[in-house]
Amino acid sequence: DGGITQSPKYLFRKEGQNVTLSCEQNLNHDAMYWYRQDPGQGLRLIYYSQIVNDFQKGDIAEGYSVSREKKESFPLTVTSAQKNPTAFYLCASSIRRAETQYFGPGTRLLVL
Amino acid sequence: GDSVTQMEGPVTLSEEAFLTINCTYTATGYPSLFWYVQYPGEGLQLLLKATKADDKGSNKGFEATYRKETTSFHLEKGSVQVSDSAVYFCALSDGSSSGYALNFGKGTSLLVTP
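Read top to bottom, the protein sequences are chains U and G. Note that my numbering numbers the first sequence so that position 8 is 8, with each residue one more than the last. Note that my numbering numbers the second sequence so that position 70 is 70, with each residue one more than the last.
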């Protein structure tokens, strides 16, 4: 089955620690996105990538980093510079930009 | 900049009632419009979409019509079921947003009671 997978489902971060959230897709999509969802809020864009080895900052990129070394994978690192990381993180992809985006199941990040 | 405004929830309905969730938008270009649904603890699922004025998107009994004159994309369903209980997000995408990223409303929570 084609789809988008995110792991882990839950992730716990200690103070000062960097953590990495995984996003993999086997849909052969060029474009991938990371969004952050806070309770009672819509989703906000963290980073996006339209093609391998290229990515751009979104609206709330501070304290986050990404890489896009393979078409299938777009991992997100939450660094210690992100002071309020507790949120639900959603990865999405589309066949190319301007096309419909499809979402993974999400990773919930909690701070210990 | 672009923005999406949805009616605030929660919305509580009895099974088989008629559903309307209002969504209006502000956009500088000609956006595509979407409704996504989120069940508890899950990611977002595409419910329906419309890419140009007067298009009607439909899926699983839900419908929404792209109204350029009123900048609206209201979601409707004639007879809701308990299984429709979820959070519904209206969103738009156009060339003015980063990489055609989605611009979301805050979501409307729907609870359908038996």
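By construction, these hints were calculated from the structure, which means they are not laboratory data. Hints should not be assumed to be uniformly reliable.
[Said to hold, decoys possible] Distance condition first, Cα-Cα at most 25 Å in a straight line; then the derived DMTMM-like pairs of lysine to aspartate or glutamate:
#1 G/49 <-> G/2
#2 G/106 <-> U/38
#3 U/57 <-> G/94
#4 G/106 <-> U/69
#5 U/9 <-> G/42
#6 U/70 <-> U/24
#7 G/49 <-> U/62
#8 G/77 <-> G/63
#9 U/57 <-> U/69
#10 U/71 <-> U/15
#11 U/57 <-> G/2
#12 U/9 <-> G/84
#13 G/52 <-> G/15
[To be verified] Output of the computed footprint for chain U on chain G, the stretches with three or more beta carbons under 8 Å from beta carbons of chain U:
#14 13-25
#15 74-82
Even glycine gets a Cβ: it sits at the ideal position worked out from N, Cα and C.
Hints versus structure:
1. Taken as a hint, the residue 49 of chain G and residue 2 of chain G pair is honoured in the structure, with Cα atoms around 18 Å apart against an allowance of 25 Å.
2. For the hint linking residue 106 of chain G to residue 38 of chain U, the alpha-carbon distance of about 10 Å falls within 25 Å, and the restraint holds.
3. Between the alpha carbons of residue 57 of chain U and residue 94 of chain G the distance comes to roughly 17 Å, so the proposed pair stays at or under 25 Å and holds.
4. In summary, the hint linking residue 106 of chain G to residue 69 of chain U is not supported, as the alpha carbons are separated by about 33 Å, beyond the 25 Å threshold.
5. Taking the CA atoms of residue 9 of chain U and residue 42 of chain G, the gap is about 10 Å. The hint holds against a cut of 25 Å.
6. For the hint linking residue 70 of chain U to residue 24 of chain U, the alpha-carbon distance of about 10 Å falls within 25 Å, and the restraint holds.
7. Restraint check: the Cα-Cα separation between residue 49 of chain G and residue 62 of chain U comes to about 31 Å, which exceeds 25 Å; the hinted pair is violated.
8. Distance hint between residue 77 of chain G and residue 63 of chain G is fulfilled; the C-alpha atoms sit about 6 Å from each other, no more than 25 Å.
9. Under the criterion of a C-alpha separation no larger than 25 Å, the hint pairing residue 57 of chain U with residue 69 of chain U is consistent with the structure, at around 16 Å.
10. Distance check on the hinted pair: residue 71 of chain U and residue 15 of chain U sit about 32 Å apart at the alpha-carbon level, beyond 25 Å; violated.
11. Taking the CA atoms of residue 57 of chain U and residue 2 of chain G, the gap is about 18 Å. The hint holds against a cut of 25 Å.
12. Simply put, residue 9 of chain U and residue 84 of chain G have alpha-carbon atoms about 24 Å apart, close enough for the 25 Å limit, and the pair holds.
13. For the proposed pair residue 52 of chain G and residue 15 of chain G, the alpha carbon gap of about 32 Å is over 25 Å, so the pair is violated.
14. With 0 residues bearing a CB less than 8 Å from a CB of chain U, the stretch 13-25 of chain G misses the requirement of three and the coverage assertion fails.
15. Coverage of the stretch 74-82 of chain G by chain U is violated [criterion: at least 3 residues with CB-CB distance below 8 Å; count 0].
Checked against the numbered hints given earlier, the structure breaks hints 4, 7, 10, 13, 14 and 15 and satisfies all the rest.
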